[in-house]
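Visitor: Take the sequences, apply the hints, and build the full model.
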Amino acid sequence: MKKAWLGTSVSAALAITLAAGSSSAYAQIKVGVSVSATGPAASLGIPEKNTFALLPKEIAGQKVQYIVLDDATDSTTAVKNARKLVSEEKVDLLIGSTAVPGSLAMSDVAAESGTPMISMAASASLVEPVDAKRRWIFKTPQNDSHMATAIIAHMADAGVKSVAFIGFSDAYGEGWYREFSKLAELRKIRIVANERFARNDTSVTGQVLKMVSANPDAVLIAGAGTPAALPQKTLKERGYKGKIYQTHGVANNDFLRVCGKDCEGTFLPAGPLLVAEQLPDSNPVKKSAMAYRTAYEKAYGAGSISTFGGHAWDAGMLLGAAAPQALKKGQPGSKEFRAALRDAIEDTKNLPVSQGIVNMSATDHVGFDQRSRVMVEIVNGKWKLIGAAQ
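Using the working numbering, the letters of the sequence shown map in sequence onto residues 1 to 390.
Hints listed in this document are in silico derivations from the structure and should not be mistaken for laboratory results.
Don't be surprised by glycine CBs; every beta carbon is placed ideally from N, CA and C.
Just to be clear, a hint being listed does not mean it is correct.
Taking lysine-lysine pairs in the DSSO-like style, the calculated list, with each CA pair at most 27 Å apart, reads [as the list claims (entries may be wrong)]:
(1) 384 with 161
(2) 335 with 57
(3) 63 with 80
(4) 241 with 182
(5) 286 with 241
(6) 298 with 382
(7) 161 with 188
(8) 63 with 90
(9) 161 with 182
(10) 298 with 287
(11) 210 with 161
(12) 233 with 286
(13) 161 with 133
(14) 329 with 57
(15) 30 with 133
(16) 286 with 57
(17) 384 with 261
Beta-carbon label-pair distances, calculated as ranges [as the list claims (entries may be wrong)]:
(18) 57 with 214: 51 to 57 Å
(19) 200 with 303: 24 to 30 Å
(20) 336 with 206: 52 to 58 Å
Guide: Rendered as C-alpha coordinates:
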(Lines of atoms letter the chains of each structure in order from A and count residues from 1; the text may use other names and numbers.)
(Lines give C-alpha, C1' and ligand atoms only; values in the text may rest on other atoms or scores of the structure.)
Protein backbone atom coordinates (compact mmCIF):
# COMPACT_ATOMS: atom_id res chain seq x y z
CA MET A 1 0.00 0.00 0.00
CA LYS A 2 1.46 3.34 -0.96
CA LYS A 3 1.66 6.33 1.38
CA ALA A 4 -1.32 8.64 0.95
CA TRP A 5 -0.80 12.33 0.19
CA LEU A 6 -2.64 13.85 3.15
CA GLY A 7 -2.63 17.02 5.19
CA THR A 8 -4.41 20.30 5.48
CA SER A 9 -2.18 22.30 3.18
CA VAL A 10 0.05 22.01 0.16
CA SER A 11 3.12 22.10 2.40
CA ALA A 12 1.83 19.25 4.54
CA ALA A 13 1.08 17.17 1.47
CA LEU A 14 4.55 17.87 0.14
CA ALA A 15 6.17 16.87 3.42
CA ILE A 16 4.80 13.34 3.13
CA THR A 17 5.92 12.85 -0.45
CA LEU A 18 9.35 14.22 0.39
CA ALA A 19 9.66 11.74 3.22
CA ALA A 20 8.81 8.90 0.86
CA GLY A 21 11.56 9.60 -1.64
CA SER A 22 15.29 9.88 -2.00
CA SER A 23 17.43 12.88 -2.87
CA SER A 24 17.68 14.43 -6.32
CA ALA A 25 18.93 11.26 -7.99
CA TYR A 26 16.67 11.54 -11.04
CA ALA A 27 15.69 14.02 -13.70
CA GLN A 28 12.57 16.11 -13.22
CA ILE A 29 9.11 14.60 -13.60
CA LYS A 30 7.28 16.19 -16.52
CA VAL A 31 3.49 16.46 -16.50
CA GLY A 32 1.70 17.46 -19.70
CA VAL A 33 -1.70 19.08 -19.31
CA SER A 34 -4.37 19.92 -21.90
CA VAL A 35 -7.16 21.98 -20.39
CA SER A 36 -10.17 23.82 -21.86
CA ALA A 37 -9.31 27.31 -20.66
CA THR A 38 -11.31 28.83 -23.53
CA GLY A 39 -14.36 27.74 -25.52
CA PRO A 40 -17.70 26.36 -24.22
CA ALA A 41 -16.06 24.48 -21.30
CA ALA A 42 -13.99 27.46 -20.13
CA SER A 43 -15.95 27.88 -16.89
CA LEU A 44 -14.71 24.40 -15.99
CA GLY A 45 -11.24 24.64 -17.48
CA ILE A 46 -10.15 27.95 -15.97
CA PRO A 47 -10.25 26.75 -12.34
CA GLU A 48 -8.48 23.58 -13.46
CA LYS A 49 -5.73 25.65 -15.07
CA ASN A 50 -5.51 27.82 -11.95
CA THR A 51 -5.12 24.74 -9.77
CA PHE A 52 -2.01 23.46 -11.52
CA ALA A 53 -0.21 26.59 -10.32
CA LEU A 54 -0.91 25.42 -6.73
CA LEU A 55 0.49 21.91 -7.02
CA PRO A 56 3.91 21.08 -5.52
CA LYS A 57 6.90 21.65 -7.79
CA GLU A 58 8.80 18.86 -6.07
CA ILE A 59 7.75 15.31 -5.16
CA ALA A 60 9.95 12.76 -3.39
CA GLY A 61 12.99 14.94 -3.93
CA GLN A 62 12.35 15.31 -7.67
CA LYS A 63 11.48 18.52 -9.48
CA VAL A 64 8.08 18.49 -11.18
CA GLN A 65 7.34 20.54 -14.27
CA TYR A 66 3.72 21.14 -15.37
CA ILE A 67 3.36 22.06 -19.03
CA VAL A 68 -0.16 23.45 -19.44
CA LEU A 69 -1.74 23.94 -22.88
CA ASP A 70 -5.19 25.23 -23.84
CA ASP A 71 -7.29 23.05 -26.18
CA ALA A 72 -10.15 25.60 -26.46
CA THR A 73 -12.75 22.83 -25.85
CA ASP A 74 -11.83 21.31 -29.20
CA SER A 75 -11.04 17.60 -29.42
CA THR A 76 -8.76 18.02 -32.46
CA THR A 77 -6.67 20.55 -30.57
CA ALA A 78 -6.64 18.27 -27.52
CA VAL A 79 -5.10 15.52 -29.66
CA LYS A 80 -2.52 17.92 -31.09
CA ASN A 81 -1.63 19.02 -27.57
CA ALA A 82 -1.30 15.43 -26.39
CA ARG A 83 0.96 14.48 -29.30
CA LYS A 84 3.13 17.54 -28.74
CA LEU A 85 3.44 16.80 -25.03
CA VAL A 86 4.33 13.16 -25.63
CA SER A 87 6.61 13.45 -28.65
CA GLU A 88 8.32 16.82 -28.09
CA GLU A 89 8.17 17.35 -24.33
CA LYS A 90 8.57 13.64 -23.45
CA VAL A 91 6.13 13.92 -20.54
CA ASP A 92 5.78 11.15 -17.97
CA LEU A 93 2.08 11.80 -17.34
CA LEU A 94 -0.78 13.31 -19.34
CA ILE A 95 -3.63 15.13 -17.58
CA GLY A 96 -6.72 16.24 -19.47
CA SER A 97 -8.90 17.23 -20.91
CA THR A 98 -11.72 19.17 -19.28
CA ALA A 99 -14.53 17.79 -21.47
CA VAL A 100 -15.35 14.23 -22.47
CA PRO A 101 -14.73 14.49 -26.26
CA GLY A 102 -11.24 15.91 -25.78
CA SER A 103 -10.38 13.33 -23.15
CA LEU A 104 -11.56 10.46 -25.34
CA ALA A 105 -9.39 11.75 -28.18
CA MET A 106 -6.35 12.14 -25.92
CA SER A 107 -6.72 8.61 -24.58
CA ASP A 108 -5.66 7.17 -27.93
CA VAL A 109 -2.38 9.10 -27.77
CA ALA A 110 -1.79 7.97 -24.20
CA ALA A 111 -2.31 4.31 -25.02
CA GLU A 112 -0.25 4.41 -28.22
CA SER A 113 2.71 6.02 -26.44
CA GLY A 114 2.47 4.05 -23.19
CA THR A 115 1.93 7.22 -21.17
CA PRO A 116 -0.39 7.14 -18.16
CA MET A 117 -3.21 9.67 -18.38
CA ILE A 118 -5.56 11.15 -15.79
CA SER A 119 -8.72 12.65 -17.28
CA MET A 120 -10.67 15.47 -15.65
CA ALA A 121 -13.87 14.52 -17.53
CA ALA A 122 -16.75 12.47 -16.16
CA SER A 123 -17.85 9.82 -18.67
CA ALA A 124 -17.42 6.22 -17.55
CA SER A 125 -16.57 5.31 -21.16
CA LEU A 126 -13.13 6.81 -20.59
CA VAL A 127 -12.18 4.06 -18.17
CA GLU A 128 -14.69 1.23 -18.63
CA PRO A 129 -14.08 -1.52 -19.36
CA VAL A 130 -10.39 -1.55 -18.46
CA ASP A 131 -8.94 -3.04 -21.64
CA ALA A 132 -5.60 -2.79 -23.43
CA LYS A 133 -6.17 0.91 -24.14
CA ARG A 134 -7.98 1.97 -20.99
CA ARG A 135 -5.40 0.35 -18.73
CA TRP A 136 -3.43 3.58 -19.29
CA ILE A 137 -6.36 5.87 -18.47
CA PHE A 138 -7.58 7.04 -15.06
CA LYS A 139 -9.91 9.87 -14.10
CA THR A 140 -10.74 12.04 -11.11
CA PRO A 141 -14.44 12.98 -11.61
CA GLN A 142 -17.15 10.62 -10.45
CA ASN A 143 -18.64 8.36 -13.13
CA ASP A 144 -21.88 9.54 -14.73
CA SER A 145 -23.39 6.18 -13.73
CA HIS A 146 -22.40 6.85 -10.10
CA MET A 147 -24.18 10.20 -10.13
CA ALA A 148 -27.16 8.97 -12.16
CA THR A 149 -27.90 6.48 -9.38
CA ALA A 150 -28.24 9.38 -6.93
CA ILE A 151 -30.59 11.29 -9.23
CA ILE A 152 -32.83 8.27 -9.83
CA ALA A 153 -33.04 7.58 -6.09
CA HIS A 154 -34.03 11.19 -5.41
CA MET A 155 -36.64 11.12 -8.20
CA ALA A 156 -38.14 7.90 -6.90
CA ASP A 157 -38.34 9.25 -3.34
CA ALA A 158 -40.02 12.42 -4.68
CA GLY A 159 -42.69 10.40 -6.51
CA VAL A 160 -41.48 11.18 -10.04
CA LYS A 161 -43.11 8.82 -12.55
CA SER A 162 -42.13 10.44 -15.85
CA VAL A 163 -39.09 12.42 -16.98
CA ALA A 164 -37.91 14.28 -20.08
CA PHE A 165 -34.21 14.16 -20.93
CA ILE A 166 -32.12 16.75 -22.78
CA GLY A 167 -28.35 16.41 -23.04
CA PHE A 168 -25.31 17.54 -24.98
CA SER A 169 -25.09 16.11 -28.49
CA ASP A 170 -21.71 14.54 -27.74
CA ALA A 171 -20.22 11.80 -25.60
CA TYR A 172 -21.24 13.52 -22.36
CA GLY A 173 -24.93 13.61 -23.25
CA GLU A 174 -24.91 10.14 -24.79
CA GLY A 175 -23.15 8.63 -21.79
CA TRP A 176 -25.62 10.18 -19.40
CA TYR A 177 -28.63 9.00 -21.38
CA ARG A 178 -27.25 5.48 -21.57
CA GLU A 179 -26.76 5.25 -17.81
CA PHE A 180 -29.86 7.17 -16.80
CA SER A 181 -32.23 5.26 -19.09
CA LYS A 182 -31.08 1.91 -17.70
CA LEU A 183 -31.68 3.04 -14.13
CA ALA A 184 -35.00 4.70 -14.97
CA GLU A 185 -36.29 1.45 -16.42
CA LEU A 186 -35.37 -0.42 -13.26
CA ARG A 187 -37.21 2.17 -11.12
CA LYS A 188 -40.25 2.19 -13.45
CA ILE A 189 -39.75 5.86 -14.35
CA ARG A 190 -40.87 6.57 -17.93
CA ILE A 191 -38.67 8.68 -20.22
CA VAL A 192 -41.19 10.64 -22.30
CA ALA A 193 -38.73 12.74 -24.33
CA ASN A 194 -35.08 12.41 -25.38
CA GLU A 195 -33.54 15.58 -26.85
CA ARG A 196 -30.04 16.90 -27.63
CA PHE A 197 -28.32 20.28 -28.01
CA ALA A 198 -24.80 21.44 -28.84
CA ARG A 199 -22.52 23.13 -26.33
CA ASN A 200 -22.45 26.33 -28.38
CA ASP A 201 -26.19 26.46 -29.28
CA THR A 202 -28.01 29.73 -28.62
CA SER A 203 -31.55 28.33 -28.74
CA VAL A 204 -33.23 25.10 -27.64
CA THR A 205 -36.83 26.26 -28.06
CA GLY A 206 -37.80 23.40 -30.36
CA GLN A 207 -36.48 20.74 -28.01
CA VAL A 208 -38.08 22.36 -24.96
CA LEU A 209 -41.49 22.63 -26.63
CA LYS A 210 -41.40 18.89 -27.33
CA MET A 211 -40.50 18.16 -23.72
CA VAL A 212 -43.12 20.46 -22.23
CA SER A 213 -45.83 18.98 -24.47
CA ALA A 214 -45.06 15.55 -22.96
CA ASN A 215 -45.94 16.98 -19.50
CA PRO A 216 -43.21 15.15 -17.52
CA ASP A 217 -43.01 15.19 -13.74
CA ALA A 218 -39.34 16.12 -14.02
CA VAL A 219 -36.65 17.11 -16.53
CA LEU A 220 -33.02 16.01 -16.45
CA ILE A 221 -30.53 18.30 -18.21
CA ALA A 222 -27.28 16.48 -18.98
CA GLY A 223 -24.93 19.34 -19.73
CA ALA A 224 -21.80 20.85 -18.20
CA GLY A 225 -20.78 24.38 -17.35
CA THR A 226 -22.67 27.49 -18.37
CA PRO A 227 -24.16 25.99 -21.59
CA ALA A 228 -26.34 23.78 -19.37
CA ALA A 229 -28.23 26.89 -18.23
CA LEU A 230 -29.82 27.37 -21.67
CA PRO A 231 -32.39 24.53 -21.49
CA GLN A 232 -33.27 25.45 -17.91
CA LYS A 233 -33.90 29.10 -18.69
CA THR A 234 -35.97 28.10 -21.73
CA LEU A 235 -38.03 25.66 -19.65
CA LYS A 236 -38.84 28.46 -17.21
CA GLU A 237 -39.71 30.83 -20.06
CA ARG A 238 -42.17 28.25 -21.37
CA GLY A 239 -43.83 27.92 -18.00
CA TYR A 240 -42.61 24.49 -16.98
CA LYS A 241 -43.53 23.87 -13.31
CA GLY A 242 -42.11 20.38 -12.68
CA LYS A 243 -38.88 19.39 -10.97
CA ILE A 244 -35.61 20.11 -12.77
CA TYR A 245 -32.42 18.10 -12.26
CA GLN A 246 -28.92 18.90 -13.49
CA THR A 247 -25.79 16.74 -13.41
CA HIS A 248 -22.59 17.35 -11.47
CA GLY A 249 -21.31 19.01 -14.64
CA VAL A 250 -22.83 22.34 -13.52
CA ALA A 251 -21.34 22.45 -10.03
CA ASN A 252 -19.63 25.83 -10.23
CA ASN A 253 -20.53 29.43 -9.48
CA ASP A 254 -20.45 30.51 -13.13
CA PHE A 255 -23.46 28.29 -13.75
CA LEU A 256 -25.31 29.96 -10.88
CA ARG A 257 -24.45 33.38 -12.29
CA VAL A 258 -25.63 32.61 -15.81
CA CYS A 259 -28.76 30.69 -14.81
CA GLY A 260 -29.77 33.20 -12.15
CA LYS A 261 -33.27 32.97 -10.66
CA ASP A 262 -34.21 30.25 -13.14
CA CYS A 263 -32.03 27.83 -11.16
CA GLU A 264 -34.02 28.08 -7.94
CA GLY A 265 -35.09 24.67 -6.66
CA THR A 266 -32.86 22.68 -8.99
CA PHE A 267 -31.53 19.35 -7.69
CA LEU A 268 -28.19 17.80 -8.58
CA PRO A 269 -25.66 15.28 -7.30
CA ALA A 270 -22.22 16.70 -6.60
CA GLY A 271 -18.88 15.89 -5.08
CA PRO A 272 -18.51 16.76 -1.38
CA LEU A 273 -16.17 19.62 -2.30
CA LEU A 274 -19.08 21.76 -3.54
CA VAL A 275 -20.51 22.02 -0.02
CA ALA A 276 -17.42 21.13 2.01
CA GLU A 277 -18.12 23.68 4.73
CA GLN A 278 -21.63 22.24 5.20
CA LEU A 279 -20.43 18.68 5.74
CA PRO A 280 -20.48 17.33 9.29
CA ASP A 281 -17.05 16.98 10.89
CA SER A 282 -17.60 13.22 10.88
CA ASN A 283 -17.62 13.13 7.09
CA PRO A 284 -14.35 11.41 6.00
CA VAL A 285 -13.95 13.73 3.00
CA LYS A 286 -14.40 17.06 4.78
CA LYS A 287 -10.75 17.48 5.83
CA SER A 288 -9.28 16.79 2.38
CA ALA A 289 -11.96 18.86 0.62
CA MET A 290 -11.36 21.82 2.91
CA ALA A 291 -7.59 21.54 2.37
CA TYR A 292 -8.07 22.23 -1.34
CA ARG A 293 -10.71 24.89 -0.73
CA THR A 294 -8.39 26.73 1.65
CA ALA A 295 -5.43 26.60 -0.76
CA TYR A 296 -7.49 27.74 -3.76
CA GLU A 297 -9.30 30.59 -2.04
CA LYS A 298 -6.07 31.83 -0.49
CA ALA A 299 -4.68 32.19 -4.01
CA TYR A 300 -7.76 33.34 -5.91
CA GLY A 301 -10.11 34.89 -3.37
CA ALA A 302 -12.98 33.95 -1.09
CA GLY A 303 -15.82 32.17 -2.88
CA SER A 304 -13.70 31.35 -5.95
CA ILE A 305 -13.64 27.59 -5.33
CA SER A 306 -14.87 25.27 -8.10
CA THR A 307 -15.42 21.53 -8.02
CA PHE A 308 -13.77 21.32 -11.43
CA GLY A 309 -10.55 22.73 -10.09
CA GLY A 310 -10.83 19.94 -7.56
CA HIS A 311 -10.50 17.40 -10.38
CA ALA A 312 -7.11 18.92 -11.24
CA TRP A 313 -6.07 18.98 -7.58
CA ASP A 314 -7.00 15.32 -7.21
CA ALA A 315 -4.94 14.43 -10.27
CA GLY A 316 -2.00 16.10 -8.54
CA MET A 317 -2.71 14.12 -5.38
CA LEU A 318 -2.68 10.86 -7.36
CA LEU A 319 0.70 11.82 -8.80
CA GLY A 320 1.97 12.77 -5.35
CA ALA A 321 1.02 9.37 -3.97
CA ALA A 322 2.22 7.31 -6.95
CA ALA A 323 5.49 9.00 -7.94
CA PRO A 324 7.57 7.85 -4.93
CA GLN A 325 6.71 4.24 -5.77
CA ALA A 326 7.46 4.67 -9.49
CA LEU A 327 10.82 6.31 -8.78
CA LYS A 328 12.00 3.05 -7.23
CA LYS A 329 11.63 1.34 -10.62
CA GLY A 330 12.67 3.88 -13.22
CA GLN A 331 13.98 7.33 -14.02
CA PRO A 332 11.64 10.11 -15.23
CA GLY A 333 11.69 10.32 -19.00
CA SER A 334 11.94 6.55 -19.42
CA LYS A 335 9.31 4.03 -20.44
CA GLU A 336 10.10 2.10 -17.26
CA PHE A 337 9.10 5.08 -15.14
CA ARG A 338 5.90 5.67 -17.12
CA ALA A 339 4.91 2.01 -16.76
CA ALA A 340 5.72 2.04 -13.06
CA LEU A 341 3.75 5.26 -12.59
CA ARG A 342 0.74 3.65 -14.28
CA ASP A 343 1.01 0.65 -11.97
CA ALA A 344 1.38 2.83 -8.87
CA ILE A 345 -1.69 4.94 -9.74
CA GLU A 346 -3.70 1.76 -10.23
CA ASP A 347 -2.55 0.60 -6.79
CA THR A 348 -3.78 3.75 -5.01
CA LYS A 349 -5.52 2.81 -1.75
CA ASN A 350 -7.39 4.86 0.88
CA LEU A 351 -6.27 8.21 -0.53
CA PRO A 352 -8.46 11.11 0.65
CA VAL A 353 -8.84 13.69 -2.12
CA SER A 354 -11.13 16.70 -2.54
CA GLN A 355 -13.97 14.62 -4.01
CA GLY A 356 -13.84 11.38 -2.03
CA ILE A 357 -11.64 8.48 -0.91
CA VAL A 358 -9.77 6.77 -3.75
CA ASN A 359 -9.33 2.99 -3.93
CA MET A 360 -8.18 2.04 -7.43
CA SER A 361 -7.85 -1.49 -8.80
CA ALA A 362 -7.12 -3.29 -12.06
CA THR A 363 -10.84 -3.06 -12.91
CA ASP A 364 -11.65 0.34 -11.38
CA HIS A 365 -9.71 3.38 -12.59
CA VAL A 366 -11.82 5.91 -10.66
CA GLY A 367 -11.87 4.33 -7.22
CA PHE A 368 -14.80 6.21 -5.69
CA ASP A 369 -17.63 4.88 -3.53
CA GLN A 370 -20.75 6.53 -2.08
CA ARG A 371 -18.58 8.89 -0.01
CA SER A 372 -17.82 10.82 -3.20
CA ARG A 373 -21.32 12.20 -3.75
CA VAL A 374 -23.96 14.27 -1.99
CA MET A 375 -27.31 15.66 -3.11
CA VAL A 376 -27.60 19.43 -3.41
CA GLU A 377 -30.43 21.88 -4.04
CA ILE A 378 -30.02 25.42 -5.34
CA VAL A 379 -31.65 27.71 -2.76
CA ASN A 380 -31.47 31.52 -2.88
CA GLY A 381 -28.75 31.29 -5.51
CA LYS A 382 -26.52 29.06 -3.38
CA TRP A 383 -25.69 25.37 -3.04
CA LYS A 384 -27.49 23.71 -0.15
CA LEU A 385 -26.59 20.24 1.11
CA ILE A 386 -29.77 18.18 1.39
CA GLY A 387 -28.20 14.87 2.36
CA ALA A 388 -25.80 12.11 1.43
CA ALA A 389 -26.68 10.54 -1.92
CA GLN A 390 -27.94 6.98 -1.83
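Visitor: Are there hints from earlier that the structure breaks, and if so, what are their numbers?
Guide: When the structure is compared with the hints, numbers 5, 12, 13 turn out to be violated.
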